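2 protein chains.
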Amino acid sequence: MKKLPDINEWSNAIIGGDIAYLSRGITLVESTLSEHQQLAEQLLELCLPHAGKSIRIGITGVPGVGKSSFIEKFGVYLADTLQKKVAVLAIDPTSSKSKGSILGDKTRMEQLAIHPRAFIRPSAAGESLGGVARKTRESIYLCEAAGYEIILVETVGVGQSETMVHGMVDFFLLLMLSGAGDELQGIKRGIMEMADALIITKADGENKLKAKTAATEYKRALHLLPAHEAGWIPETSICSSLTGEGIDEVWNIIDKYFRHTNLNGYFEAKRKQQAIFWMNETIHNGVMEWFKQLPDLNNKLEEITKQVQEGKITSYAAAKHLLKQLPV
Amino acid sequence: MKKLPDINEWSNAIIGGDIAYLSRGITLVESTLSEHQQLAEQLLELCLPHAGKSIRIGITGVPGVGKSSFIEKFGVYLADTLQKKVAVLAIDPTSSKSKGSILGDKTRMEQLAIHPRAFIRPSAAGESLGGVARKTRESIYLCEAAGYEIILVETVGVGQSETMVHGMVDFFLLLMLSGAGDELQGIKRGIMEMADALIITKADGENKLKAKTAATEYKRALHLLPAHEAGWIPETSICSSLTGEGIDEVWNIIDKYFRHTNLNGYFEAKRKQQAIFWMNETIHNGVMEWFKQLPDLNNKLEEITKQVQEGKITSYAAAKHLLKQLPV
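Heads up: the sequence lines are chains A and B, in that order. First residue of the first sequence: 2, per the working numbering; consecutive thereafter. First residue of the second sequence: 2, per the working numbering; consecutive thereafter.
Worth double-checking, as some hints may not be accurate.
No copy is singled out in the list; a pair is fine if it fits within one copy or between any two copies.
[To be verified] Straight-line distance between alpha carbons at most 30 Å, and here's what the computed DSSO-like set of lysine-lysine pairs gives:
#, residue 1, residue 2
1, 325, 293
2, 321, 301
3, 293, 321
4, 257, 213
5, 4, 321
6, 271, 293
7, 257, 211
8, 211, 85
9, 325, 85
10, 85, 313
11, 189, 220
12, 213, 307
13, 273, 321
14, 325, 211
15, 220, 307
16, 321, 54
17, 189, 307
18, 209, 257
19, 313, 220
20, 213, 189
21, 189, 4
22, 325, 273
23, 313, 54
FYI, nobody ran anything at the bench for these hints, they're computed from the structure. Quantities reported herein were computed from a predicted structural model and do not represent experimental measurements.
Please construct the entire structure, taking both the sequences and the accompanying hints into account.
Here it is as structure tokens:
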């Protein structure tokens, strides 16, 4: 990193919408150097009062569902037709190649990448889930401070990233294919019930009829699932990133959700809940990390885990034994 | 509690199937006295080698779905027709009246309560989730050591008890009514995707046709949900606790699941995973309890939670601040 700017200058530039400073701010947030982390905290504190005024949308779906093409088309629609400032972030705890996904994201989003009202930030290199979550949430704040009105958070990896993204967005979009059941292969149980909307992609040409049928079936299925805390029944729709058909409808659904949850106070309540959730998560992780560094703890843990697996002692006796290591 | 028996005598009596000793063993496990807890640990250690050889079935559903009537009919079918030894436990972290639910359970299960091959243990008095989970899991071990082949764990309270029971059973049964969508009111999101089978109750008289229609709809819906880790597609069926129709089919589904997951190794793998899960849960709870008792921690936590809610600092900065309290 070049010589770092003054922190007040830096935050003012971000708040003024300067993309270069925003990018460097995210790089700072992503840095693992402790002096950078301290600086990042100061930067965030200055930016926070200007953050929060966006709609945060999580986008997930199995590989091959066309997430990038959808985001390209949807992003251009938001930035162009609706004149919104759009930021795209990706979350990928499994990836170990940062450079690879930079190129990947940008070339797959050709139009959006050069749009003056859009900002695309490729995913950070893979590391711990907690670390990725922190960086993404803090990047969201910086983008919001820079005036981005809609933040799209794409899940790239499989595994736990969906749950993580669900915990940091206002609206969770699940993209699906219209195959005959095969489309579910890569989706974990529980994800369907997290979705606020379910969009069948690639609804064009010969595929369109199949997509419509699938949408109708999912609509019925979603009605049978328990209702949302906010009284929202997840909606189903179809779209094509090729023709652009149905892209506006996706926005209409999100906008409807936004108005609905704004009115009943759920929108704000959920954000506060999420902030507290992440605070507690971070405390838990920190305390447990500390605990596991107590002398000999890891050996004892390994040993006792084996005994539990072999059914020699109960889970509780094992835990109690380890907890004896805590200072009094 | 009367004078306690010798621990070897006690465990031998349980392993021999003595119901009085089993009952007292569960009471010991439920006791909060630390001398009882130590004794309970010894008792469990002696019983554990004889535990594990049952099918553990979790049963949940909204109030009014007829859980107790179902368990009565299903339990008698297992004990009588199939000649199985059946234990019924209930989990109710919300209840504060232990005596009330004793009477409730036993009078609602008249035939099962007096059946020589059945053992019904009412839920322990309400307290912390972690405590209730420990007691229930340890009671399962004791019942298994006493030769019970099928353990039914009923969720009584609403709230988190479904997730808890799901984490300690082999098979998770969701009972539902055939209302027009209203039946979902009390079911939390996520529960549907946990279910290994979905049974529509009260399928008798005029209700039967409605139940059949509902079952068909749910069957379709469940096929649209992501498949189970074990490659099991949740099944749907109907039954009546009044006429007994369909009760055998519920068992057939469970038996099929048991054979399926035994063959592919999932059954054993899941049990080991659950044991490790509960060990880790208990460690987490213990460590966090210890952390929160550090000097002034609770005041600081309250103060900083407010700042996070008001958007003054990030979740991470808040957590980091609190983690400074850890001893070095």
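Going through the hints against the structure:
1. 325 to 293: Result: close both inside a copy and across copies, 13 Å intra and 16 Å inter.
2. 321 to 301: Classified as both: same-chain Cα gap 12 Å, cross-chain 28 Å, threshold 30 Å.
3. 293 to 321: So residue 293 and residue 321 pass the 30 Å test inside a copy (15 Å) and across (18 Å) alike.
4. 257 to 213: within (21 Å within a copy, 35 Å between copies)
5. 4 to 321: between (51 Å within a copy, 26 Å between copies)
6. 271 to 293: between (32 Å within a copy, 25 Å between copies)
7. 257 to 211: within (26 Å within a copy, 33 Å between copies)
8. 211 to 85: Answer is neither; intra-copy 32 Å and inter-copy 49 Å both fail.
9. 325 to 85: neither (56 Å within a copy, 41 Å between copies)
10. 85 to 313: Classified as between; 26 Å across copies, 61 Å inside a copy.
11. 189 to 220: For residue 189 and residue 220, the Cα distance is within 30 Å both inside one copy (19 Å) and across copies (19 Å).
12. 213 to 307: neither (51 Å within a copy, 47 Å between copies)
13. 273 to 321: between (34 Å within a copy, 18 Å between copies)
14. 325 to 211: neither (60 Å within a copy, 57 Å between copies)
15. 220 to 307: Result: close neither inside a copy nor across copies, 46 Å intra and 40 Å inter.
16. 321 to 54: Classified as between; 25 Å across copies, 46 Å inside a copy.
17. 189 to 307: Cα proximity of residue 189 and residue 307: one copy only (28 Å, versus 35 Å across).
18. 209 to 257: Only inside one copy: residue 209 and residue 257 sit 25 Å apart there, 38 Å across copies, limit 30 Å.
19. 313 to 220: neither (49 Å within a copy, 41 Å between copies)
20. 213 to 189: both (23 Å within a copy, 29 Å between copies)
21. 189 to 4: Neither: 44 Å inside a chain and 52 Å across chains, both beyond 30 Å.
22. 325 to 273: between (36 Å within a copy, 24 Å between copies)
23. 313 to 54: between (54 Å within a copy, 15 Å between copies)
Hint compliance for this structure: hints 8, 9, 12, 14, 15, 19, 21 are broken, all remaining hints hold.
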